[in-house]
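A.B. asks: With the sequences and hints as input, model every part of the structure.
The listed protein sequences correspond, in order, to chains A and B.
Numbered as in numbering that gives the first Met the number 0, the first sequence ends at 396 without a single skipped number.
Numbered as in numbering that gives the first Met the number 0, the second sequence ends at 598 without a single skipped number.
No lab work stands behind these hints: they were computed from the structure.
Even for Gly, the Cβ is constructed at its ideal location relative to N, Cα and C.
Just to be clear, a hint being listed does not mean it is correct.
Output of the computed footprint for chain A on chain B, the stretches with three or more beta carbons under 8 Å from beta carbons of chain A [to be verified]:
1) 6-19
2) 572-582
Derived list of chain A stretches under chain B, where covered just means 3 residues or more per stretch with a C-beta under 8 Å from a C-beta of chain B [unchecked claim]:
3) 275-286
4) 300-313
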Amino acid sequence: MDQLAALADQAANPGADWSYGGFGVYIHWPFCLSKCPYCDFNSHVRREVDQARWSRALDLELEAMRQRSGARQVDSLFFGGGTPSLMAPETVGAAIETVQRFWGLTDNAEITLEANPTSIEAGRFRGYAEAGVNRVSIGVQALNDAHLTALGRTHTALEARAAFDIARSAFDRVSFDLIYARVDQTFEAWRGELTEALAMAVDHLSLYQLTIEPETRFAELQARGKLRVPSDEKSAAMFAVTQEICEAMGVPAYEVSNHARPGAESRHNLVYWRYGDYAGVGPGAHGRLTSNGKRWATETVRGPEAWLNRVEAMGDGLTQAVELSLSEQADEMMLMGLRLSEGVDMTRYTALSGRTLQEERITPLLEQELLTIEGKQLRATATGRPVLNALLRTLLA
Amino acid sequence: MTDLSHIRNFSIVAHIDHGKSTLADRLIQTTGALSDREMKAQVLDSMELERERGITIKAQTVRLHYKALDGEEYVLNLIDTPGHVDFAYEVSRSMLAVEGSLLVVDASQGVEAQTLANVYQAIEADHEIVPVLNKIDLPAAEPERVCEQIEDVIGIDASDAVHISAKTGLGIDKVLEAIVKRLPAPKGDRSAPLKALLVDSWYDAYLGVVVLVRIVDGVLKKGMKIKMMSTKATYPVDRVGVFSPKMLTVDTLGPGELGFITASIKQVADTRVGDTITEDRKETTSALPGFKPAQPVVFCGIFPIDSAEFEGLREAMEKLALNDASFSHEMETSAALGFGFRCGFLGLLHMEIIRERLEREYNIDLITTAPSVVYQVHTTDGGMMEMHNPADMPDPVKVDRIEEPWIKANIMVPDDYLGDVLKLCQDRRGVQADLTYAGSRAMAVYRLPLNEVVFDFYDRLKSISKGYASFDYQLEGYEAGDLVRMSILVNAEPVDALSVIVHRSQAERRGRAMCEKLKELIPQHMFQVPIQAAIGGRIIARETVRALRKDVTAKCYGGDVTRKRKLLEKQKAGKKKMRQFGRVDIPQEAFINALKMDE
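C.D. replies: Structural data, given as structure tokens:
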């Protein structure tokens with residue numbers, strides 16, 4: 000709480016609101032070896048990638064973002080994708096150096112790279128660590144080979160464990176992702192798999208319920224009635240047991256789908272959820288940047304080649320830089336902040352929007368124990384979080 | 000002015016989609032009333048909504064010049080009438096303005112219920128009737144069978160029916176000749192004092208009130224001072240004209256002619272349809288019989304979704320009422336829906352049209368409550384009140400009896416679907432009056448309580464007969480019934496706008512159906528929402544909308560914020576289309592869809 004209170008002091012006026020969440024840089028590497036059937040991210044399969052050319056383009060766009068953000072220190076740098084573990088360690092190193100040169104990284108800055116747990120990629124872990132990466136987030140997704148195949152993954156459970164062990168020795172911090180409430184997954188099977196995962200020496204876990212996103216292979220299968228996903232009832236029960244087990248094992252949820260030993264939370268993702276500023280670099284990357292007291296939503300060209308050409312020609316790949324009104328910022332802050340166990344500081348909402356939350360909306364939610372208020376913090380409770388979308392509709396729509 | 004012997008006045012009678020408007024267009028085109036460039040398909044249906052739905056609401060006329068095979072020039076006046084049962088009243092008065100009718104029947108479909116209702120009106124108005132078989136070019140056309148059917152069902156000679164295809168223009172010349180040869184010329188006395196029928200009137204933004212007239216005797220000219228015989232009001236005539244179909248000014252209108260006048264009349268309400276117009280200084284001795292005014296038979300509540308739009312809604316309704324004497328509106332307050340209006344209509348289509356015009360032309364989002372009929376509530380003290388709204392139901396102990404309107408319905412349906420149609424009528428408390436066959440089609444005549452018909456009878460009929468059944472009705476009168484008010488409680492609170500009057504024998508079934516329907520219509524909330532139907536304090540049906548168990552986005556990072564915010568903005572807009580009831584959001588369409596039963 001003291002930490003939050005200190006942040007609140009810094010961020011007391013709307014022009015400095017971002018400092019509540021800090022400043023991060025996100026770099027998107029849009030390439031994958033194959034497309035997974037559940038994934039709706041901006042990812043593309045290419046046989047050849049000219050890494051030197053990409054490295055130069057990333058540098059150019061980083062420079063453009065530095066001009067927008069002004070001088071500040073970077074709390075977190077994140078390589079996401081796509082599959083950033085397909086980047087050459089030199090490419091990663093060059094980007095880290097550029098960020099250091101333009102902004103400067105704070106002393107304990109978090110530098111994360113998302114990685115797939117194949118043996119080839121694990122072979123590059125040492126190189127990433129030497130380039131400055133201090134945290135990896137591994138896309139394990141399942142500890143069951145049949146399910147891994149069904150999810151379109153190219154690794155086995157054994158490979159994933161091996162990659163995890165290599166990562167453990169190479170990096171200070173290691174996290175991995177699992178997908179649950181999968182097709183044909185039973186409640187008991189998930190319980191077992193989660194317990195196994197927690198037995199690995201992990202300090203951070205992202206546990207996502209399978210979501211069928213539009214325009215994915217899974218969505219198409221579902222439309223044809225060929226995908227059996229658990230019912231809402233069952234997935235609600237799976238969500239509940241996940242919270243229970245993780246809590247008992249000392250890895251409680253600090254966000255809807257993210258669990259960590261206290262102190263091991265992802266600094267980068269906290270920038271998003273605490274609604275800080277972030278520069279989004281690379282194809283299809285989104286950003287939030289405050290300059291001269293105004294906050295801008297930025298977005299870049301999605302197609303990799305189109306982005307590359309545009310950056311080389313114009314210095315950045317921005318398709319949009321839209322000024323966000325204070326009430327839009329207030330909504331975004333709430334949408335993100337209530338995902339966190341720590342909740343949101345209501346005075347921050349008031350400072351941004353110029354109004355307080357509507358009494359007649361908030362009271363019933365408090366009475367139903369979907370929300371709680373403690374001091375200035377508004378939080379979604381354990382019963383509120385599984386229905387957070389409905390809760391936000393009631394509160395804000 | 001044309002000599003009486005060279006005038007023919009006629010209307011076209013047809014079932015919807017049998018080609019009435021297309022035939023009218025062809026006649027206009029063939030006689031050269033409009034150049035090809037001016038021809039817009041179905042020119043007579045001038046309102047956007049009419050053209051979209053393929054229906055005609057207001058009467059319209061067009062004057063055609065036709066050089067017949069006998070070498071003589073004739074003036075043909077076509078009066079286009081609405082085809083739908085809701086506007087039967089407007090049909091009947093238009094019929095009285097002409098001497099003959101073309102009965103257009105689709106040669107592949109045959110006679111339909113709507114054809115019947117309108118042709119009977121033509122027969123009642125003493126019309127000479129020329130049967131016209133349309134769509135003769137379709138492979139499915141069966142002209143002989145349809146002629147037989149016309150003779151069997153309607154009882155008129157169809158041996159010299161004109162075979163046409165309005166779409167291709169085939170046989171249009173024969174129709175024009177038949178009009179001249181077979182329809183009678185109008186009668187009238189040019190030297191007698193002016194006697195003219197006020198057929199219809201409407202408000203025109205540029206000209207003010209336009210009055211459609213049919214001259215019976217005498218001559219009407221510009222500058223003449225006319226008198227409305229029912230109100231005794233006098234007006235100087237500013238303009239005399241005809242529709243070609245464009246408005247065309249003429250010097251005079253003589254006996255047998257149809258045309259329009261403008262006469263500095265302030266509002267449509269100052270004109271009475273069916274009134275006799277005469278000359279102020281030279282009055283006719285006998286007025287025309289006139290018409291009885293149309294009475295609204297279906298009522299519903301109309302409320303603005305955004306209560307700030309109430310004034311706008313009031314203005315819009317006043318404007319619509321200017322042109323539509325059969326549409327009534329009165330202010331109403333609902334605990335659920337706020338301020339709005341109780342509105343009366345000629346029927347369900349009329350209601351739909353007004354609602355759509357309010358939303359479309361005046362851009363107001365509306366909530367419409369379930370339609371209801373007018374009940375006559377007889378109280379124990381000997382009084383009687385007309386109840387337009389279930390919310391106005393007096394305390395049951397003060398009610399002696401409630402009477403409800405009954406209709407006589409003609410339903411034409413192919414054999415295959417007859418069983419289902421009879422069951423539907425039976426389920427709706429219908430009493431069979433007649434059942435006859437013409438070929439493979441049956442005609443069922445049923446007496447039915449109107450309140451069983453107003454919600455969704457027509458929709459149900461269409462769906463169980465795969466669209467083949469046709470339906471028409473007339474009002475018959477009032478009869479006492481065992482009627483009760485059923486209330487709906489959502490989350491234990493009564494929602495006044497959902498209460499309905501039902502027959503006691505139907506209450507449980509209706510209550511169950513409404514609860515089931517509302518269960519589908521009300522979205523899941525974060526708590527369970529009980530829905531109950533009750534008569535007085537007794538619960539007769541119950542359903543529960545289960546509480547949401549899971550509704551949260553699994554992955555939400557920096558790239559998802561914009562999408563999430565835009566979704567929230569959409570939800571804010573969507574919320575305006577919901578009514579908050581205690582803590583429950585009820586979507587606007589629930590107020591009307593709750594009554595639709597999918598038996």
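A.B. asks: If a hint holds in the structure, say so; if it does not, say that too.
C.D. replies: Hint check:
| no. | hint | verdict |
| --- | --- | --- |
| 1 | 6-19 | violated (count 0) |
| 2 | 572-582 | holds (count 3) |
| 3 | 275-286 | holds (count 6) |
| 4 | 300-313 | violated (count 0) |
Taken one by one, the earlier hints fail for this structure at numbers 1 and 4, listed in ascending order.
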